[in-house]
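Chain by chain, the residues:
Protein chains: 4
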Amino acid sequence: MRLLTGGESHGLAQCAILEGFPKGVEIDLDRINEELLRRQKGYGRGGRMKIEADTITIVSGMRRGITLGSPIAMLVKNKDHTVFATSVDTLEALSVPRPAHADLAGFLKYNEPDMRNILERASARETVMRVCAGSICKQFLDDFDITIASFVVSIGPVSSTMQPSTMKEIVNKTSRSQISAIDGTFEKKAIAEIDRAARRGDSLGGIIEVWAENVPPGLGSVMHYDRRLDTKIAAGIMSIPAIKGVEIGLGFEYARRRGSQTHDVIRPARTKKSRFRRDTNNAGGIEGGMSNGETIIIRCAMKPISTLGHPLDSVDVLTKHKKKAPPVRSDVCAVSACGVVAESMLALVLTESFLEKFGSDTQKEITQNYQQYLRRIIK
Amino acid sequence: MRLLTGGESHGLAQCAILEGFPKGVEIDLDRINEELLRRQKGYGRGGRMKIEADTITIVSGMRRGITLGSPIAMLVKNKDHTVFATSVDTLEALSVPRPAHADLAGFLKYNEPDMRNILERASARETVMRVCAGSICKQFLDDFDITIASFVVSIGPVSSTMQPSTMKEIVNKTSRSQISAIDGTFEKKAIAEIDRAARRGDSLGGIIEVWAENVPPGLGSVMHYDRRLDTKIAAGIMSIPAIKGVEIGLGFEYARRRGSQTHDVIRPARTKKSRFRRDTNNAGGIEGGMSNGETIIIRCAMKPISTLGHPLDSVDVLTKHKKKAPPVRSDVCAVSACGVVAESMLALVLTESFLEKFGSDTQKEITQNYQQYLRRIIK
Amino acid sequence: MRLLTGGESHGLAQCAILEGFPKGVEIDLDRINEELLRRQKGYGRGGRMKIEADTITIVSGMRRGITLGSPIAMLVKNKDHTVFATSVDTLEALSVPRPAHADLAGFLKYNEPDMRNILERASARETVMRVCAGSICKQFLDDFDITIASFVVSIGPVSSTMQPSTMKEIVNKTSRSQISAIDGTFEKKAIAEIDRAARRGDSLGGIIEVWAENVPPGLGSVMHYDRRLDTKIAAGIMSIPAIKGVEIGLGFEYARRRGSQTHDVIRPARTKKSRFRRDTNNAGGIEGGMSNGETIIIRCAMKPISTLGHPLDSVDVLTKHKKKAPPVRSDVCAVSACGVVAESMLALVLTESFLEKFGSDTQKEITQNYQQYLRRIIK
Amino acid sequence: MRLLTGGESHGLAQCAILEGFPKGVEIDLDRINEELLRRQKGYGRGGRMKIEADTITIVSGMRRGITLGSPIAMLVKNKDHTVFATSVDTLEALSVPRPAHADLAGFLKYNEPDMRNILERASARETVMRVCAGSICKQFLDDFDITIASFVVSIGPVSSTMQPSTMKEIVNKTSRSQISAIDGTFEKKAIAEIDRAARRGDSLGGIIEVWAENVPPGLGSVMHYDRRLDTKIAAGIMSIPAIKGVEIGLGFEYARRRGSQTHDVIRPARTKKSRFRRDTNNAGGIEGGMSNGETIIIRCAMKPISTLGHPLDSVDVLTKHKKKAPPVRSDVCAVSACGVVAESMLALVLTESFLEKFGSDTQKEITQNYQQYLRRIIK
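Chains as they are written, first to last, in our numbering: chain C, 1 to 379; chain F, 1001 to 1379; chain A, 2001 to 2379; chain S, 3001 to 3379.
Pulled out of the complex, with its shape left as it was, chain C reads as follows:
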């Protein structure tokens, strides 16, 4: 399965082609649009205007709501394009790079003093198509009862130690939260922190935890380093703009404990799904580069939004003189939105690994191969 995305943030539209997706999967466009809406929301997003909701247009790959096995081409129009009646062609040049953004490295790499040409693509607007593709993958995974959800565990210095006990709890609580949290006390403090940052023209990042439940054991591979599931997940998550760290299960905490305190011992079991069970899931569902049947748990660190209301020191690349970075309309905090993107990347990686193991032609054939596998592993 391959995904290419295109689109400048002030261009005509965002576009993607998802190739290698199986035939016969029923896709509900409303669910994709709901995911797009989740990605636009969250306390701390650029509040100064009512943004029209993103909506997907399917160009190819489906007929009567069902995938054809052919490439799924899709578009999401850039609303600003309409609202401001501008286009990428008429935007004015920017010659002062914003620290923490792609601007300076892009200027040097591409010999491009008008950094508008860099930032149009560097913008997190690009992630809109990953959410579309991710939502399609989630609907595929749904047919195998594999579900993915995320919640925010910290925003700036404020954090929560509450752990959900079920997937359902995550979905229920975050859907009622303004910052996609499961912990009401944390939420209040985090919102206060966002307000404080907003008043100062500052920005905040945070940490998101992503879960994937019911993933069968055996996705990914121990046989070659670039086929490992953790390799692919790390790549997928780190590819999200502003993500600077990713960990699986205990992650960095693993490094601090002894082996006897961390390794998830194996117990006999006799459930409908498994002959083995674990008391703990420190491994975050991955051992030896393969899913082990436990819930996959990923945590990722988002840095604060690069563009600040209170601009930072920089240099005009044309004159080489000091100049403040340009004030560009931006969010104060987008951590919960980032969670939707992280879910999408995990959905893409899991779908790809699923298709590698169980074939990739039609949903029905994949289901048969999958069920045959499940029957075997509970013997």
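No wet-lab data here; the hints were simulated from the structure. Computed from a predicted structure; not experimentally measured. For each residue, glycine too, the CB sits at the ideal point set by N, CA and C. Careful, some of the hints might be misleading.
Unchecked claim - Here are some of the chain F residues that sit facing chain A, going by a computed Cβ distance under 10 angstroms:
| id | residue |
| --- | --- |
| 1 | Thr1185 |
| 2 | His1224 |
| 3 | Arg1227 |
| 4 | Lys1357 |
| 5 | Gln1363 |
| 6 | Glu1365 |
Stated by the list, open to error - FRET-style restraints, in silico, Cβ to Cβ:
| id | chain 1 | residue 1 | chain 2 | residue 2 | range |
| --- | --- | --- | --- | --- | --- |
| 7 | F | Leu1037 | S | Gln3372 | 46 to 54 angstroms |
| 8 | S | Thr3057 | C | Asp28 | 49 to 57 angstroms |
| 9 | F | Asp1114 | C | Arg267 | 56 to 64 angstroms |
Claimed, not checked - 25 angstroms max Cα-Cα, derived BS3-like pairs, lysine-lysine:
| id | chain 1 | residue 1 | chain 2 | residue 2 |
| --- | --- | --- | --- | --- |
| 10 | S | Lys3323 | A | Lys2320 |
| 11 | A | Lys2379 | A | Lys2364 |
| 12 | C | Lys364 | S | Lys3272 |
| 13 | S | Lys3273 | S | Lys3189 |
| 14 | A | Lys2322 | S | Lys3273 |
| 15 | A | Lys2272 | F | Lys1364 |
| 16 | A | Lys2273 | F | Lys1364 |
| 17 | S | Lys3322 | A | Lys2379 |
| 18 | A | Lys2189 | A | Lys2173 |
| 19 | S | Lys3320 | F | Lys1364 |
| 20 | S | Lys3273 | C | Lys364 |
| 21 | C | Lys324 | F | Lys1322 |
| 22 | C | Lys272 | C | Lys189 |
| 23 | A | Lys2272 | A | Lys2168 |
| 24 | C | Lys273 | S | Lys3079 |
| 25 | F | Lys1323 | C | Lys273 |
| 26 | C | Lys323 | F | Lys1379 |
| 27 | A | Lys2323 | S | Lys3379 |
| 28 | A | Lys2379 | S | Lys3189 |
| 29 | A | Lys2364 | C | Lys320 |
| 30 | A | Lys2379 | S | Lys3323 |
| 31 | S | Lys3320 | A | Lys2272 |
| 32 | S | Lys3079 | F | Lys1077 |
| 33 | F | Lys1320 | S | Lys3320 |
| 34 | C | Lys364 | A | Lys2168 |
| 35 | F | Lys1273 | C | Lys323 |
| 36 | F | Lys1322 | C | Lys379 |
| 37 | S | Lys3273 | A | Lys2323 |
| 38 | A | Lys2272 | F | Lys1379 |
| 39 | S | Lys3379 | C | Lys364 |
| 40 | S | Lys3322 | A | Lys2320 |
Starting from the known structure of chain C, fit chains F, A and S onto it as the hints suggest.
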């Protein structure tokens, strides 16, 4: 550039083919062997016998010590093979999976009750070939003054906050350290901690910091998510067995601070290499998915060795009854060795990105293209 | 460089994303539209109605007519969609596979008795996006004086042995030909043959010769089998629907001659571009998997259009009884159109190989690297 | 599945890693060695000495004769290395490029006046590892009754029109033929032609036909151009040194006939394997980029051996003066050997496509998925 590795830990040899490496690079095999030795050492490694040093055999791709542009095939013999006169064929079956290892997931995925067939490949022995390939890449990068080094910042609960000021300091101090540390006080405490774990039949992980200096700005890309340098680094690092977390620059700490406290402001400069400078390097040398000219700084978390002297609870997959995981000879702590592997993966990723930007046929041609680029960006 | 295409032939639009294309290339959309028009024309195309011309819409990747280095997303609307007010959703089912088409294999592979779901993607309509991408690549190659053209050398049993002496001759003559031929006598006979086939409800294929001039020596590689230029050209050409054979230079004729009669001897020369010359070009510009500086010459065989006015015997896959293949509106002969697609595929392959050798960031940087190379090889 | 090969023709050994090959396939090394022997034989091969037989060494990926699912690393020693006690290091420089070989293009691309450094890799010796990998794939395909064989249909101007009726006939007749032919009259004439060429210091090419029987319908894909089975076959075959043309089924002959004369009509059937049958197989087993269940038939054109006993005109690249190409020991005709390589490439492509459709973990699981598919398509 592509790298495939093969080899069971008790098979004939480890093998790799590095394809797409340029012509005309002088390779010193002694340097590869020194890296292999670094990978074998470190306080806490399986001390009960004198292990013969790994040495590389070049099968193809070089003539008179210079690369030919053709695939570099290489071998490292498995010493145990000789020492114990065993071979993978004669080893006895293992039916009790070790927690935290690939065993159980591999059994389920491959329907393989003799987990010997899984663990032979799951073993960290496989990383020997990544070190060979990585050392070749380091020698290529050396010609452009790009150097890579690592140091251990924590082992189990013991950690150091000392930061090196130069690359040279890292190399000098770690070469005299038993655990690849730059901080003597930390080293003493860490060794005591390893001794304590050893006495208990326990194991330890830790955190490694990897630096790459003199990387030109503009490697990687902002234009597509899977071309980003951070994407590739995260994949490369997470692909190392036992690594459960990776972060770039401030990493998870980024999530705790405000934007104004973290973003590396840009200053005018007039050095031989750049017209810009930074006071800080929180970004760890990567902005917008591209190198920005600052030192690349990666941190990775290694979990404690999976195999413990004091075995953990498990289940015999044949009888489905409780059984202790088998006692397999192992190390107590291999964090410093893991640092050598992490350096190697970073060298591979940087070389690949370098070749993409500057061409890939011959060292001389690449150098010319590179110098032309450097001349332009300091204008 | 990567290209993904999407689009059903009666869906909303054809779509493509070309990723990895360099920054700074000036693109003339009129030239793309002209190529699209060339692809629609040719004596023998479905004549019963005036088809509206295909036109490209650029969704992303360009600003003010110049590429940004970001993915180029593009659309071509399906005109039938408007004309017939149908959509892929409302088309009726087809359960009788047409011989020589994807129908039967697609039915079996995808368990899909409504072969509409197969043929919508199997249609040669898909090649419209390859022409768009190919035209963009041609404009890139143009900046290096590399030009690509094709001419038809046979249609059904009628063939021409006339060989052009220059690229210009090909372009001039074929632009005035109804079947993209360079030989007037052949053209007359071929048109008569097409008329004869049309009257019988039959179809015709033919052979196309494609030239690429001014390709520098050294594209592709001798070092690994899948990096060879001939490997990539063969794949690109054979991937065109209805192509069943591809040959380079003398091709199959090579097999009939002795070595002494075929190998292009090397002579000293002193031109602005080379220190060597050949009297002959039997190799078709490729030796050892690399371009050798001579004109690249490819020939490809197109089978007759699969859909016939006079339907062939088939079987209803639902009843398993004999039934005639459905009469679907089609062309009698589309060989000249196929030539445009073949040029496009060659342009894609050459661009990709060019970027591998000379870097891929910006047109200016690539030009500098290229010129440096040219200066060296004429020393 | 991925294959990397390495090895200079006078280096230590040829080496390959085949990664992604499934677990649980029983491999008979004798069969690989027999294929290696077939590759060394054939009337017209360098006759002046008894060459020791190539034999494979498995470095990794197997245990007790069964694949482990891990990368299969393998070596074949270069016998000359032993015989002549030379190594690639001590061979003398060559500054006169041989026409039709990689020499001149390699010199220009790599700035390498000692073309020894090019030809060591350009040599057809490299194909030894493709035969090893291909033989492993053949043994995998065997378990599904898929068999591959080839026969020579022309050598220089001499050709045969005899068509075999079964696979068995090909195997039986070619195993008794000195040139891998199925036609005794043709064989006599061809041998006489080879003798004539040998006397003149000349060389000959020829045409090979490759068959793959029992390939299930539905391998490859109609959904994206680079997933098509014909795309992959064309690439695989054209990647063989000296191959200049490839065609499928009727191939170039298709271009000469009318649609009504060529398209394989579909008939109802009721066999154990299919509900459809064809009277003809002009498509060569591939329609719409997918296997259609008929025998896959490929034909490929090999040019005459580049190195002639009677040397051709060339230029010394150091002096830029005329000089004869160096006389290098070579074969007169190696068409039958090339057939073994072509079979191997087809085996690789079919195995890869098979794994994509039916999963890739273990032979047993793949078999179950495959049988489930077969049951469905004969309903």
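Worksheet item: What are the numbers of the hints the structure violates, in ascending order?
Response: Violated hints (numbers, rising): 1, 5, 9, 10, 13, 21, 22, 24, 28, 33, 34, 38, 40; every other hint is consistent with the structure.
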